[in-house]
Amino acid sequence: MIQIVEDPIDINLIYNQLADPSSGAVVLFVGRVRNHNDGRSIRRIHYTAYTEMAQSEMNQIAEEARQKFPISQLALVHRIGNLVIGDISIAVAVGTPHRAAAFDGARFLIDTIKTRVPIWKQEFTDEESAHWVDA
Amino acid sequence: MKTTVLAFASLREALGWEARELDIPSRTVAGDIWQYICPTHATHYRQYMRVAVNRRYVTNDTELKEGDEIALIPPVAGG
Chain V
1052 MIQIVEDPID INLIYNQLAD PSSGAVVLFV GRVRNHNDGR SIRRIHYTAY
1102 TEMAQSEMNQ IAEEARQKFP ISQLALVHRI GNLVIGDISI AVAVGTPHRA
1152 AAFDGARFLI DTIKTRVPIW KQEFTDEESA HWVDA
Chain F
8 MKTTVLAFAS LREALGWEAR ELDIPSRTVA GDIWQYICPT HATHYRQYMR
58 VAVNRRYVTN DTELKEGDEI ALIPPVAGG
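Quick mapping for you: the protein sequence lines, in order, are chains V and F. Per our numbering, the first sequence runs over residues 1052 to 1186. Per our numbering, the second sequence runs over residues 8 to 86.
Worth flagging that the hints you see were computed from the coordinates, not collected in a lab. For every residue, glycine included, the Cβ atom is placed at its ideal position computed from N, Cα and C. Watch out, some of these pointers could steer you wrong.
Some chain V residues well away from chain F (every beta-carbon gap over 12 Å; in silico) [what the hints assert, rightly or not]:
id	residue
1	PRO1059
2	TYR1066
3	GLY1075
4	ALA1105
5	VAL1135
Some, not all, of what chain V presents toward chain F, calculated at C-beta under 10 Å [unchecked claim]:
id	residue
6	ASN1067
7	TYR1098
8	GLU1108
9	ASN1133
10	LEU1134
11	ILE1136
12	SER1140
What the simulated footprint calls covered on chain V by chain F, stretch by stretch (three residues with Cβ under 8 Å from a Cβ of chain F suffice, anywhere in the stretch; the number is not a length) [unchecked claim]:
id	stretch
13	1157 to 1167
14	1170 to 1176
The task is simple: from the sequences and hints, build the whole structure.
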């Protein structure tokens, strides 16, 4: 399950996808919109993407993770569009036989997604001023 | 060579467009695309932006080809 979506992310659905009985460990990372960044009070965030390339980069990153770690199953779901405080922007789930690889694999996936996938976010503050985030 | 150029995020805002057809000389390399997009800020953009061709990141010395889809990529902020 590697997707870019505009609807709210259902983490129960994602977890239930990772049902491989050989996975003794599942790590689920959830990224959410928080209410502050760099001293600014955030009201909402607008995510945009170069969707076709973002999808192919996420596919590529998933393949790299599979090469590095003994991953049975994984899920990467990123939401774009208008999100408010507390909304889930990304879910990364990894199922492996043992826990060390699940933690490491999930860390690798989120860290790599954040550096490569062509998705951008624009923060809107309480005063409705907009700021492109340069991560 | 006829190419399609796509601009995203802060760059789309700065340039005022999201896509355009661009005719460039043959043997133009990716890093030189900025000369045709915004000559006054080409050096800055070349340093801080990335270029993707046909949905894959390329290095600045990658030669462009007829029909390429060239994407101008500001620093990403996904996750």
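Each hint, compared with the structure:
1. PRO1059: Given a closest Cβ separation of 17 Å, the condition holds.
2. TYR1066: Given a closest Cβ separation of 19 Å, the condition holds.
3. GLY1075: Answer for V/GLY1075: holds, closest chain F Cβ roughly 27 Å.
4. ALA1105: 7 Å, violated
5. VAL1135: 17 Å, holds
6. ASN1067: 23 Å, violated
7. TYR1098: Holds, about 8 Å.
8. GLU1108: Nearest chain F Cβ about 8 Å off; hint holds.
9. ASN1133: 15 Å, violated
10. LEU1134: 12 Å, violated
11. ILE1136: At about 17 Å, which exceeds the 10 Å cut-off, the nearest Cβ of chain F leaves the hint on V/ILE1136 violated.
12. SER1140: Because about 7 Å separates V/SER1140 from the closest Cβ in chain F, which is inside the 10 Å limit, the hint holds.
13. 1157 to 1167: Contact hint for the stretch 1157 to 1167 of chain V vs chain F: holds, 5 residues under 8 Å.
14. 1170 to 1176: Holds: 4 residues of the stretch 1170 to 1176 of chain V have a Cβ under 8 Å from chain F.
Of the numbered hints listed earlier, those contradicted by the structure are 4, 6, 9, 10 and 11.
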